[in-house]
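Respectively, the protein sequence lines represent chains L and X. Residues in the first sequence are numbered consecutively from 1, following this note's numbering. Residues in the second sequence are numbered consecutively from 1001, following this note's numbering.
Just so you know, these hints were derived from the structure itself, not from any lab. All figures in this text were calculated on a predicted structure; none of them were measured in a lab. Think of the CB as a built atom: it goes at the ideal place given N, C-alpha and C, for glycine as much as any other residue. Treat the hints with care, since some could be wrong.
Said to hold, decoys possible - In silico lysine to aspartate or glutamate, EDC-like type, Cα no more than 16 Å apart, as pairs:
| hint | chain 1 | residue 1 | chain 2 | residue 2 |
| --- | --- | --- | --- | --- |
| 1 | X | K1085 | L | E37 |
| 2 | X | K1086 | L | D38 |
| 3 | X | K1095 | L | E13 |
| 4 | L | K138 | L | D38 |
| 5 | X | K1079 | X | D1017 |
| 6 | X | K1095 | L | E101 |
| 7 | X | K1095 | L | D96 |
| 8 | L | K77 | L | D119 |
| 9 | X | K1044 | X | D1077 |
| 10 | L | K138 | L | E31 |
| 11 | L | K127 | L | E9 |
| 12 | L | K66 | L | E13 |
| 13 | X | K1085 | L | D38 |
| 14 | X | K1086 | L | E37 |
| 15 | L | K77 | L | E13 |
Claimed, not checked - With the Cβ distance kept under 8 Å, some of the chain X side facing chain L (calculated, not the full set):
| hint | residue |
| --- | --- |
| 16 | L1024 |
| 17 | G1025 |
| 18 | D1057 |
| 19 | A1070 |
| 20 | K1086 |
| 21 | T1094 |
| 22 | V1099 |
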Amino acid sequence: MASDAKHLEITLETQVESVNLAEELCLRVAEAAGFGEDDCYRIGMSVREGVINAFHYGNEERPDKKIHLAVDLTADKMIIHVLDEGAGFLLSDVPDPLAEENLLSTSGRGIFLMRAFMDEFDVISGKTGGAEIVMSKKLPAPGSASRNGQGGQGAKPQQEA
Amino acid sequence: MSLHATHRDAGQVTVVDLSGRIVLGDGSALLRKTIRGLLEDQRKLILLNLADVDYIDSSGIGELVSGFTAVKNQSGDLKLLHLTKKVRDLLQITKLYTVFDVFTDESTALRSFR
Chain L
1 MASDAKHLEI TLETQVESVN LAEELCLRVA EAAGFGEDDC YRIGMSVREG VINAFHYGNE
61 ERPDKKIHLA VDLTADKMII HVLDEGAGFL LSDVPDPLAE ENLLSTSGRG IFLMRAFMDE
121 FDVISGKTGG AEIVMSKKLP APGSASRNGQ GGQGAKPQQE A
Chain X
1001 MSLHATHRDA GQVTVVDLSG RIVLGDGSAL LRKTIRGLLE DQRKLILLNL ADVDYIDSSG
1061 IGELVSGFTA VKNQSGDLKL LHLTKKVRDL LQITKLYTVF DVFTDESTAL RSFR
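Just chain L, with the same shape it has in the complex (with noise of 0.2 Å):
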């Protein structure tokens, strides 16, 4: 990792309140590192999506079990982790939202959401055993118009590990 790439991790706590505040989080990040507000947007919905699949299928909503967060900065992209204390899960498993037997779910397309609105979206098995969603977004080039003319590729997180 480049000398200049910056790393925030957090533990939250598995309950609804911790998705908007992984969100939030990860939105202070990304408006730092000069990402313009679409991108932000699809940044903020990967999180919030990590989150709630770690919190309601991962953890499966049990209080005694934890919620790790972790956002690398580095010269060229953003890259976030979420990773749960679960069972862990193949991406192969994952229904796809779009068949026509699954238009109707009332759940399933958080994973679709992130894959589609990220540049790299994998899970891997995670240190916990549990599932570690590991997604990126490439930094608008300086000058862009995706880029939101605040901070930029050097700005610092609020928070640092």
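Given the structure of chain L, go ahead and fit chain X onto it with the hints provided.
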């Protein structure tokens, strides 16, 4: 911003004016409670006005689908009005834009229930 919901009658149709975010937690719960309450009152023709809803997550989408199914199961209809760009885009990428009847004009939407 939490979700707020008020409803008004327009003939046989109930227009539900929503504002805020339909997300996991109170937002989704309020939408569910509102639709279930209308069904209990035999108000089965529902138009959700989403003009002031600028954010929906997967839980909110699930609640919209759940409400749609619940209303349809009682031989009613649930339609959407005034989608913001973000919500419209979200319904398009999830292919739900083809499931819901979506309107940009309230009077046209109300006439469509007849």
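Results of checking the hints against the structure:
no. : hint              : result
1   : X:K1085 x L:E37   : holds (13 Å)
2   : X:K1086 x L:D38   : holds (9 Å)
3   : X:K1095 x L:E13   : violated (33 Å)
4   : L:K138 x L:D38    : holds (13 Å)
5   : X:K1079 x X:D1017 : holds (12 Å)
6   : X:K1095 x L:E101  : holds (12 Å)
7   : X:K1095 x L:D96   : holds (12 Å)
8   : L:K77 x L:D119    : holds (10 Å)
9   : X:K1044 x X:D1077 : holds (6 Å)
10  : L:K138 x L:E31    : holds (13 Å)
11  : L:K127 x L:E9     : holds (15 Å)
12  : L:K66 x L:E13     : holds (5 Å)
13  : X:K1085 x L:D38   : holds (11 Å)
14  : X:K1086 x L:E37   : holds (12 Å)
15  : L:K77 x L:E13     : violated (27 Å)
16  : L1024             : holds (6 Å)
17  : G1025             : holds (4 Å)
18  : D1057             : holds (5 Å)
19  : A1070             : violated (10 Å)
20  : K1086             : holds (7 Å)
21  : T1094             : holds (6 Å)
22  : V1099             : holds (6 Å)
Of the numbered hints listed earlier, those contradicted by the structure are 3, 15, 19.
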